[in-house]
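Assemble chain R with the ligands onto chain W, guided by the hints.
Take a look at the letters that make up each chain.
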Amino acid sequence: MIKITNLEKFYRTEEVETIALNKLSMEVKKGEFVAIMGPSGCGKSTLLNILGLLDDPDAGSYLFNDIEVADFNERKRADLRKHNIGFVFQSFNLIDELTVFENVELPLIYTGVAAADRVKKVEAVLDKMQIMHRRNHYPQQLSGGQQQRVAIARAVVNTPKIILADEPTGNLDSSNGNDVMELLTDLNEQGTTIIMVTHSEHDARYSHRIIRLLDGQTVVENIMI
Amino acid sequence: MIKNYIKIAWRNLLKSKLYSFVNILGLTIGLTIGMLILLWVQDEMSFDTFHSKVNTIYRVNGVTGSGQGIKIWDNAQGPVATTALREIPGVRNAVRISHGWNSIYTYKDKLLKEENTGYTDPSFFVMFDFRLIKGSKTKPFPTDQSVIITESTAKRYFGDDEPVGKVIQQDHETNFTVSGVIADFPDNSSIKFDMLFPINIIARQYNASNFWKSLDTDWGNYGYSTFFDIKPGTSLQQVCDHLINAQKKVAPWIKVSPGNGYRLQPMSDIHFYQADGSSGSLQTVKTFLIVGIITLLIACINYVNLSTARAMLRAKEVSIRKIIGAQRRQLFAQFIIESVVFFCVSLFLAFGLLYILMPYYNDVSGKHLQLDMLNADLWKVVAVTFVGTLAISSIYPSLLLSSFEPLKALKGKLTMGIGQAAFRKILVTTQFVFSVTLIIVTVVIGKQLKFIREKDPGYDRSQVFSFRTGQLGEHLDAVKAKLKSVPGIRAVTSSDNKLVDNGRATGGVDWDGKPTDMMFIMHHFGIDENFMPVMNIKLKAGKNFSGSKADATHFILNETAIAMTGIKDPIGKRFKYQETEGTIIGVVKDFNAASFKQNIDPAVIYYQPYGYKLYIKTTGKDAAQAIAACKQLWDKYNSGFPFEYRFMDEEYDALYKTDQRSGVLFNIFSAVAIVISCLGLFGLATYTAQIMMKEIGIRKVLGASVGGIIALVSKDFLKLVVLAIVIASPIAWWAINKWLEEFVFRIDVGSSVFLISGAIAIGIAVLTISFQTIRAATANPVKSLRSE
Ligand SMILES: Nc1ncnc2c1ncn2[C@@H]1O[C@H](COP(=O)(O)OP(=O)(O)OP(=O)(O)O)[C@@H](O)[C@H]1O
Ligand SMILES: [Mg+2]
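Quick mapping for you: the protein sequence lines, in order, are chains W and R. Sequential numbering of the first sequence, starting at 1, is according to our numbering. Sequential numbering of the second sequence, starting at 226, is according to our numbering.
Be a bit skeptical, because a hint or two may be false.
If the Cβ cut is set under 8 Å, some of the chain W residues that face chain R in the computed set are [stated by the list, open to error]:
| id | residue |
| --- | --- |
| 1 | Ala59 |
| 2 | Ile67 |
| 3 | Val69 |
| 4 | Asp71 |
| 5 | Arg75 |
| 6 | Arg81 |
| 7 | Lys82 |
| 8 | Phe87 |
| 9 | Glu97 |
| 10 | Pro107 |
| 11 | Tyr110 |
Read the hints as simulated data drawn from the structure, not as lab findings. The beta-carbon is built from N, C-alpha and C at its ideal position, and this holds for glycine as well.
So here's chain W without its partners, still in its complex pose (with noise of 0.2 Å):
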């Protein structure tokens, strides 16, 4: 599903250029759940912001099924983001300004989903993600883990085939946190491709492949049993 090679990502700014990503190379199969980890700047985030098709490498190939991607520009890759990817990020990212309902609804509106259907998707996934009873409230009135389970919603509702979260349980406590890592299972089970950022070893304990990065480049990978 995902292949890239020799990937390579530089930041600029006037004094140093740092390299975030270095000669990277992965793959990950359809349906896989794989754990990114490694210290703190050593290029975890960068690297979903490229798979995730938010942000452009700087040399190097990435294949998103079989279609050479690095070079597409911004209205391309939007479009792509819209139909096959879903994020979850560790501070929620919800809009402040809209509903539960309304936030999740969001991405069916720009993928130009019918208002009935829409009514029905979203019901739907706030079902799944028992959080139903809150869709009239605004963000800033729920608890962090009914947030994050918010965003989820939003990332799953237009079923993408591949979901990527960036620290999803960072900025929760342990039981949110294990609740939001069972969704993920869940969705994975049902098919869905996860690629997931984490700090905890717990964590990455759920899925089925952890890949260790250290300063921009792959040093292990567990295979989980």
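Just chain R with the ligands now, kept in the frame of chain W:
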């Protein structure tokens, strides 16, 4: 999707109350004033355009005099129309209009004075598109005793009764039968009358023993507004040439200087340009159009400024939307729609404001504008204003907002780049350039209007009122003697011409050494021996009339006349006025018989003890008694006619009424424009204070004083205001000189005006900013640090 956008826009509007309030208030005021001004401009532009033949109708302007004394009249002589119709192929139709005298009219127990009557040719009703409701277009005046009246005139006399066929009596002697009713003349018509009489009445006053035998051969009297309907393609020059040649043939004794003759002025121009080509109301229309656009621009700049300042706070929302899959053009559309929502709310409020203000506005502007929601013209103005301002205000912020890069914005790394800050600074400066310019221009206009109102016109008009003598004229000596003894009356004098706004002039003058082909136009006054002392008109040389027989051939000239005629040592020199040969006995200092917009014209003063206008100088406090005494005498000799008098002060103020009016409007518009700028500044200061909250907190913890903090926050803004003053000064300098050109007598614009205006601008700016800065500076630092 659009519903979603509107919903969010609405929530945003409700959420940031201060932001929305400032923005909507600015927009509402801007739109209101912009629309008011544009409606006014539209009304002005529509003058005379309702005539279907407006593009082929021309007014004939006669040109007389020579050299410096050349005069272009807005009318022509009687034969011009008839000659053209008879002899010039391209002239399809011609109409003459002459103003009537003020008369009183009676019907049953009604007695009304009519001041706006005219004589005209029957073709009037065919050439122009004034709607004849009753009567015949082709034969409007069945007899010379016919009259056509407007609808509202008919109402005044006959109420709801059928007007046609009714007989009204003029001045208790002549009967006229109403032969038709014409719709009231539109406000935007240059031609306006209440009653129209057949021009034959004037023609009948000629007889074969007069010098001029008939109206159609009288090439001497420029008394008829003359309009031609000319076939397209006709050479206008040939029409004019033909006319002057016809005059030369019929009246060869009239001197024709080079340049004399006729000019054809398109009907569509006559409201905007005077006959001599100087601007009529065009200047005011242009000025207001500019002020209107500036007001709208200021409102737009406000909007742009505030929404870009707020963009930072919305960066996160934009990023999330992008990550979820929004495309740039979708976000662009969203922000445009947000602007549309803001504008719609403002427009709605503006309509309310417009509705409330309209009566006052009409009062100040002297118009009769209406908020007729079914009127397409109103919607044209609304649409132009709305779409124009919306486009200017929404595009840049929407582009900016939709261009945020999602990753940076999410990480909070998005700082308003130096470029955007600079852009906002440019906008604020531009806004203040407008404001400062308006302040300077307002100050200068105020000063100039005060100057002309208070400038000594060369005569003393205080406590003087005047009235027409009517039948009193038959007993004038006795009347004057009697009035002089009335307590409260200081002096009595008479003249045969108005002193304030004297429009009459003659070419019938001669002196030794006058070039033979020169046509010299002069004002003329006939006065008694008391006139000059009463009005305090000063003699420069020679003496005043003494009241003796010899005065019949004595003339007094003004300084300008002496200078322009070039008569050396004028006292005792020969001078001829009309048919009277005489000598110059005196020279008066120039006095202004018109407004200070014009040059003082040459004037000849002759002795006329029986002028039709009586001037009474009162003691001031007993003026009422003086008026009562005059009325008593009037009623004795003019029974059945109302007694009407006017103080010269009123007449004098009327000279500048339109200028005063424009002045007031200009003051209001500038004030509003400045208020809107301040709203913008206020909004920006609020944001700056918010953004600098943490910095201010840290500085205070480190020991900065409140004053120091205020200076820190205000400094940047004040720099911009000072820069604006520097830029605005030359622009304002140019604008006021342009405006002052209209006045012959004008104030000197010194640097003080600029200094004062600059100080005002800085004062206003400081006041506006200080609200926020003081609050920020006095806030508890612990609190502001925690909230970061
Ligand atoms: N916009 C940027 N400009 C400059 N350098 C950047 C930028 N973003 C990331 N970097 C640098 O690139 C490197 C990789 O950063 P990245 O955010 O991918 O790390 P990370 O592995 O996600 O760290 P953490 O676990 O702390 O989130 C770091 O050295 C960081 O300083
Ligand atoms: Mg990271």
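Quick rundown of the hints versus the structure:
1. Ala59: violated (19 Å)
2. Ile67: Violated, because the Cβ-Cβ distance from isoleucine 67 (chain W) to chain R comes to roughly 18 Å (cut-off 8 Å).
3. Val69: violated (15 Å)
4. Asp71: violated (18 Å)
5. Arg75: holds (6 Å)
6. Arg81: For arginine 81 (chain W), the interface hint holds, since the closest Cβ of chain R sits about 6 Å away, which is under 8 Å.
7. Lys82: Status holds, d = 3 Å.
8. Phe87: Hint on phenylalanine 87 (chain W): holds, closest Cβ of chain R at ~6 Å, below 8 Å.
9. Glu97: At 5 Å from the nearest chain R Cβ, glutamate 97 (chain W) passes the 8 Å test, so the hint holds.
10. Pro107: Since the shortest Cβ distance to chain R is 5 Å, the answer is holds.
11. Tyr110: Since the shortest Cβ distance to chain R is 4 Å, the answer is holds.
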